[in-house]
Amino acid sequence: MTQEDLTISDPKMKAHSVNVFYGEKQAINDVSIDVGTDLVTAFIGPSGCGKSTFLRSLNRMNDTVASARVTGQIELDGEDIYAPSMDVVQLRARVGMVFQKPNPFPKSIYDNVGYGPRIHGLAPNKADLDVIVERALVRAGLWDEVKDRLAESGTALSGGQQQRLCIARAIAVDPEVILMDEPCSALDPIATAKIEELIHELRGKYAIVIVTHNMQQAARVSQRTAFFHLGTLVEYGKTTDIFTNPRQERTKDYITGRYG
Amino acid sequence: MTFNAAALLLLIAGLALIGWLAGRARSALLAGRAGEKLHSRPQYHGWYVALWLFAPAALFLAIWSSVSPALVTNQVLASEAAQSLPSFGFERGAILSDARSVAEGRQAAVRLPAAAPLVKPYADASHKYAWIGIAAMLALALAGGLYAFTRIRPEFRARTRVEKIVMLFLLLASLVAILTTFGIVLSLLFESIRFFRLVSPAELLFGTEWAPTSGAPQPDTFGGIPLFWGTVLIGAIIAMIVAIPIGMMTAVYLTQYAAPAVRRWVKPILEILAGVPTVVYGYFAALTVAPALRNFAVMLGIPNASTESALAAGIVMGVMIIPFVSSMADDSINAVPQAMRDGSLALGATPNETIRQVLIPAALPGVMGGILLAVSRAIGETMIVVMAAGLSANMTANPFASVTTVTAQIVKLLTGDQEFDSAKTLAAFALGLVLFIVTLLLNIVALRIVKRYREAYE
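Going line by line, the protein sequences match chains A and B. Using this note's numbering, you'd call the opening residue of the first sequence number 1 and step up by one each time. Using this note's numbering, you'd call the opening residue of the second sequence number 1001 and step up by one each time.
Next up, chain A with everything else stripped away, as it sits in the complex (with noise of 0.2 Å):
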């Protein structure tokens, strides 16, 4: 991997020798990446290459796996996220995730979205409430589909409306970092080419990383992919270079389908 495949003019997220080991088992291995602000970042191999472990470590979800240990550097804007004096909840607030299956609170569809802005303390009364919930509904593309029903219990929506309002849900905190670990994986094609374009739409208000073993989609909503394998980072760089023009043997096979 060259250096210049790792440059980009202004990275949101840096990490720098990136190591995960769970217990024993060692799932990622001296990753550094870094993350572009108006980009979408796709993370593709095949399954258990680590992808998901990493996109974790990005808002340290991993600290709820108790034998989750993780090494290296991973800076949002120039701070360790590691540090001591990092708050995990006020990291979490700017890096929102979105997570493989959808997760509704089993709450209304108001409170869902109202959930994190409550709890962050961003709306002083009742209608700014409203209108941030109005906003992250509108950006998400549910809003018409839902306006008359915010009472109604957001398990009860479709599976592609539930995965948007748990996007709805991500931008009501105004994160600056999206995660997405495989939105679509759960859901039908229809469902899918909604998500893609919203994360089209989404493309520049929020820096985006997403997670997904469908190489189509990588190709589709990504400006930058980066090919995990066997927990190792094999190749990073643009994504029309990454499908057109692999560098590396290993990605070659993988995006023609030798395995995966």
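Be a bit skeptical, because a hint or two may be false.
[To be verified] For lysine to aspartate or glutamate, the following EDC-like pairs were computed, each having C-alpha atoms within a straight-line distance of at most 16 Å:
(1) B/Lys1424 to B/Glu1191
(2) A/Lys101 to B/Glu1191
(3) A/Lys107 to B/Glu1353
Everything labelled a hint here was simulated from the structure, so no lab data went into it. These numbers were taken from a predicted model, which means no experiment stands behind them.
Using the hints, position chain B against chain A.
Chain B alone, transformed into the frame defined by chain A:
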């Protein structure tokens, strides 16, 4: 010759073993001779023969051992020697059983002279019926065994048959508990109906005076309200005020905060606590908690403070229920998907906010179900209230006063010398029926809630 059911059971079990060996050998032989492949492996043929040999004979044995004593007695009563027996009652029964003991060799000589002439008819009769029984049983066993044995063919589907029979046994086993419950309900119901012939149901359910022991001058009154109130005060109010918050906090700590090592120790200890006999809690309530509470109440100047108080019984009962509530809450919180917790944490919620605003609301239906089950246990609990709550039926909201509960009154009504046809004794069954219905309804509602909640996350 007497009828020894255990020995006979062994005998047919031995025959069944022979049948098993024979069936297995024959199927292998037939298959070898015909050069065909067996549908079922030889041991299934063996089991098929053995089951046909054993099951009908064992069933007959069970029926015969319960029927034959009556047949024997009938024959004895028909004999000439029995004509001089007293016509009815206690004495007649004593003479008969005396004669029977001697006839069956359990006793060397008669104790009652009148029994002596009956010994021989008894011996004859039991001899006769024993032989009939054994002969019939053996005939059944052989018939069953032969029937099965002759059906063995290489293509015979012994395995499916055996599996069907095994399934039938399993079904019967599962019916035992259900049928027993049914029997309990019926017995409660019949005694209660006898009670309700004497006292109207309305009086029991809505009457406010409970005085079944007032004696001759005043009539007994069976107003159940004071008992129901006492039960609710202790089991559903005081015990739950103790058990719900502590149980919930225990569950939250154990599921969310406790290190695995702590959890590994605390959870089994809590489970042991759930297995402590309630009488032990009763001692604790009566000897330690109740006097302490009384002194405390006297110090505060609360009137009617008694060493038997609703509060003492309720608090100790609450402590007893804590493991129950915490284990139900633990299960419910654990059943909330990890994704829900991650979703909240990923939004920057603290663990505390996540627990209060996401986990507990999501677990609430399950927790509610658990609480209802706990209430139904608390109101059916007996020993603690008998020992610590007292027996005086007061309608009071003062938790330091003595109250009584349905279960405590049932114990009081049924202990000591009782006639089983007075309203006083029968009242115990009516109370039991009320308690049974209430706890049954609570359990049905609770299990339904828990079930619906489980479905929501599957």
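Status of each hint after checking the structure:
1. B/Lys1424 to B/Glu1191: OK: B/Lys1424 and B/Glu1191 at ~12 Å, within 16 Å.
2. A/Lys101 to B/Glu1191: violated (58 Å)
3. A/Lys107 to B/Glu1353: holds (15 Å)
Violated hint: 2 only; the structure is consistent with all others.
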